[in-house]
Amino acid sequence: MAEMVEFELVSPARLLKSEPVEMVVVPGAEGDIGVLPNHSPLICTVRPGVIKVMESGKVTEEIFVAGGFCEVSTERCTVLAEEAIMVADIDAGEARDRLSAAEKAVSEADEDGMGKAEDERRIAEAMVAAAASA
Amino acid sequence: MANLKDLKGRISSVKKTQKITSAMKMVAAAKLRRAQEGAEQARPYAERMNRMLTSIAKSVGDTEGAPKMLAGTGGNRQLYVVCASDRGLCGGFNGSIVRETRRRLRECAANGTEFKIVTVGRKSRDLLRREFNDKIVASFTDIGRRGVEFDEAVEIAAKITEMFEADEFDVCTVIYNKFQSAISQIVTPHQLIPFAVDEAEEAEEDKQTGGARAVFIFEPDEEEILEDLLPRNIATQIFQALLESSASEHGARMTAMDNATRNAGDMIDNLTMTYNRTRQAVITKELIEIISGAEAL
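Residue numbers (the working numbering), protein chains in the order written: chain A, 1 to 134; chain B, 135 to 431.
No lab work stands behind these hints, which were simulated from the structure alone. All values derive from a computational prediction rather than experimental measurement. Fair warning: there could be bad hints in the mix.
Unchecked claim - List of simulated lysine-lysine pairs, DSS-like, C-alpha gap at most 25 Å:
hint	chain 1	residue 1	chain 2	residue 2
1	B	K250	B	K202
2	B	K159	B	K139
3	A	K116	B	K153
4	A	K104	A	K116
5	A	K116	B	K139
6	B	K192	B	K202
Said to hold, decoys possible - Beyond 10 Å from chain A on every Cβ pair, some chain B residues (computed):
hint	residue
7	P178
8	P201
9	E299
10	E358
11	T370
12	M401
Idealized CB from N, CA, C, for every residue including glycine.
All chains should be modelled from the sequences, with the hints used to inform the complete structure.
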């Protein structure tokens, strides 16, 4: 068997996933990052998007995360996600509702609330995109 | 000697109290199990967050541009976040946390350190209000009604961050009851700002890597990650504190109610004994009266 990288996905409430995988693609803030075994140590922020778990060149699992952080060491890849859901479990209608609510919030937000509303909109946007691709 | 009717009333009232306390004990036990699970499941996130922050902190070190939340502002104005419960009847749970807080606050007041308080839970606010009313800057109640939610921690963290950015304090400490077991909870002060690097963990890590520190690549750069990570870390630490505190509360309540139920049982036994004796005495007295009445004829 090929070398594996220990992939961990943790949300504030619990440890969601901890298993060895061949490769995992994390949506980093400045572009997707593919993590294979023996990756050099890296810490990056994660943008709202989809984490892909790959096996022999194929995507076996897709998990939507609403941003967070990622720590990679030679044998481990840990993603601290604020919100995580399997792409297959996303309700497209619900995601669209969330997006329209977020857009409304952005248009109504004052100076102080703007950043937060924008963040929410970005998350919802990514969620809709993820639902569409599934 | 007390009369029979009063005794009967006492007995039934104690029995009712016992029913309530034993029901509360049951409820607390069920909630405790859930709270404990929650606290345990949340641990990995906090641990990893801590590990990540530790490695960034080491990399950034004491450089000039290090964020204030990490390096500290150099001042000594204190902010205390006191986590207690919304409701009473949980033994020494609120008392011990408030006692420790008072001790610290009085110390601060004695040596002229400025301090402010954020209370979490109705009890901590009520108990601290008498002495330090003007120092309480924010109060959060009804936290963790249906299990502690991360959003609640975020809300508290946002308030703290906002105050820190407005330069209202320099050091932030959260005081909470750490869950040890159902019978023992430990009052724990935990420093949030500036970030305290865990020495023990560092030593552990050194041992694992043989002293050689991994050099991390940062993307984007350290400062930007820290900017995101530090407030997030505060939320996480508070979340952890809330979870521990909620588990402790239910544990303390369960123990307190268990004791109360047992005491009520003892009391019922005693009262029943007195009741029976009194009844016997009354019967005897009546018999004597009847007999002596018959003899007199």
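Status of the hints after comparison with the structure:
At roughly 19 Å between alpha-carbon atoms, B/K250 and B/K202 fall within 25 Å of each other, so this suggested pair holds. With a C-alpha separation of about 30 Å, the suggested pairing of B/K159 with B/K139 is violated against the 25 Å cut-off. The hinted pair formed by A/K116 and B/K153 fails the criterion: a straight-line CA distance of about 49 Å is larger than 25 Å. At roughly 13 Å between alpha-carbon atoms, A/K104 and A/K116 fall within 25 Å of each other, so this suggested pair holds.
Annotation: proposed proximity of A/K116 to B/K139 is violated, straight-line Cα distance about 67 Å (limit 25 Å). At most 25 Å may separate the alpha-carbon atoms for a hinted pair to count; B/K192 and B/K202 meet this at roughly 15 Å. At roughly 4 Å, the least C-beta separation between B/P178 and chain A is not larger than 10 Å, which violates its mark as non-interface. Listed as a non-interface residue, B/P201 keeps its Cβ farther than 10 Å from every Cβ of chain A; the least gap is roughly 15 Å.
Listed as a non-interface residue, B/E299 keeps its Cβ farther than 10 Å from every Cβ of chain A; the least gap is roughly 12 Å. With a least beta-carbon separation of about 7 Å from chain A, B/E358 fails to lie farther than 10 Å from that chain, contradicting its non-interface assignment. Here B/T370 does not stay apart from chain A, with its beta-carbon only about 6 Å from theirs, under the 10 Å limit. B/M401, annotated as away from the interface, keeps every beta carbon of chain A farther than 10 Å; the closest lies near 43 Å.
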